[in-house]
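Protein chains: 2
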Amino acid sequence: MKQPSLYWRIVLVRPRNPLNIGAAARAMANFGFRELVVVKPYDPVWQETRSAVGAEEIVRSARAAETLREAIGETTLVIGTTSGSRRTFDRELIPLQELPAWLRPRVRGHRRAALLFGSEKTGLSNEHLSSCHALVRIPTVPNCPSMNLGQAVAVCCYELARARAVAARPPTSRAFLSDPADLQALEHVFERAARVLDAVGYLKPKSRAATIVKLRRLLFDLSLTNNDVRILGGVLAQIEWKLRIQASEH
Amino acid sequence: MKQPSLYWRIVLVRPRNPLNIGAAARAMANFGFRELVVVKPYDPVWQETRSAVGAEEIVRSARAAETLREAIGETTLVIGTTSGSRRTFDRELIPLQELPAWLRPRVRGHRRAALLFGSEKTGLSNEHLSSCHALVRIPTVPNCPSMNLGQAVAVCCYELARARAVAARPPTSRAFLSDPADLQALEHVFERAARVLDAVGYLKPKSRAATIVKLRRLLFDLSLTNNDVRILGGVLAQIEWKLRIQASEH
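As you go down the protein sequences, you meet chains Y and C in turn.
Read left to right, the first sequence gives residues 1017 to 1266 (my numbering).
Read left to right, the second sequence gives residues 1017 to 1266 (my numbering).
Think of the hints as simulated: they come from the structure by calculation, not from any bench.
Incorrect hints may have been included.
What the hints assert, rightly or not - Label-pair restraints from in silico Cβ distances:
| no. | chain 1 | residue 1 | chain 2 | residue 2 | range |
| --- | --- | --- | --- | --- | --- |
| 1 | C | 1218 | Y | 1077 | 52 to 62 Å |
| 2 | Y | 1222 | C | 1114 | 52 to 62 Å |
| 3 | Y | 1222 | C | 1120 | 49 to 59 Å |
| 4 | Y | 1109 | C | 1142 | 39 to 49 Å |
All C-beta atoms, glycine included, are put in the ideal place defined by N, C-alpha and C.
Whole structure, please, built from the sequences with the hints as guidance.
Here it is as structure tokens:
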């Protein structure tokens, strides 16, 4: 059985050590990955990232993004990485060695995927994690769970390359106009939903942040298509319009 | 089926960058490895190797060795790592992802194994490689084969931990007094053999070095037991004695 292939983007969220960006790029190059996006690099960090042996091309074409959303915009499958040491999440942690098997039945219409790595000190925040479809745990030992960032990227790239779950070329633009909803569209519709829920008083000030995270996760877990998202967006727009009309009537 | 476990020693041969020793130690700690030996560290490198996050214990107990032979002395199975890019060897290169399966039928009496990493610039020399029972190739892509040292250690430790081919504790001294010949005994008997071959004129000055490498490899590939080595040593001693007698008779 042929393993379906994804075109992966590696996303580093707020890395602090400039050496780690180059180290990540080199590990990517070693295993045939090409796309690197760095979210909110501290300016000096970004300036200091010069060449990485054998990975000059990746570093040169790496992109800096202001937000995670901007970084993962047109991908349709987002996987976060964690050492699993910090806290227990109420979602499944896929052991890295099982990621290829986990991907196999789920790849279907997906073409572009993003693999997220948090900053050296704090990892990915709960908000970042809530944008992920699944979380992967590198099977480190309990008494030394936290990996060096470049080494974590190396191990993950190795595991994906090992299973030949990596596409050599980016998909053509047509390919990702197809079924699964892209992250940008999902985030957009979620914002609209949040506005509506605020307007109807569903979100209470005290629990607002936690509820937002929960609802966003729910929305992301639904595997919506772009068509689903368009319909949902239409429904929400209609509700918003109705609420404004009623507000003006009173 | 239970995967037999080996107690692994990680051996870095002449690393040049002190950061890489710490990085290797950290990767080892992440995946439950403990024994680090560094062959001929450049003095300033060794001095600069201070702490590695979470791996202080490994760095503290790491040992510096003058020669590779001293570094792998009492291990009975030695695996070298290579990117496979430099030259073709006339021996099999085991892809890293197949190492656990390769080890399974061979582990038997082995308890202590060493995994060797060459220096950042040159990798392992032919002489180092001739002390190895097998060579492992990390499956990097052809256009960027050479890995960062710390990342190479991370990926190899991950693969071994992934297959649970790692013993948590060093074997007791009795365990490795058993069958397979240790490297020190093999080297010792090989030196004796070389003396004999020199004495009988088998080794020609021009091809001596190459022949030595070939013969040593042959000897190491035989999977001799300590008992075999003792017998072979006895035979060689007898030949040496006879040659000396004859020489004095003429």
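Hint check results:
1. C:1218 - Y:1077: 52 to 62 Å: This hint holds: roughly 58 Å between Cβ atoms.
2. Y:1222 - C:1114: 52 to 62 Å: 55 Å, holds
3. Y:1222 - C:1120: 49 to 59 Å: Roughly 57 Å apart at Cβ, these two residues keep to the hinted range, so it holds.
4. Y:1109 - C:1142: 39 to 49 Å: Distance hint for residue 1109 of chain Y, residue 1142 of chain C holds at roughly 44 Å.
Figure legend: structure checked against the earlier numbered hints; every hint is met.
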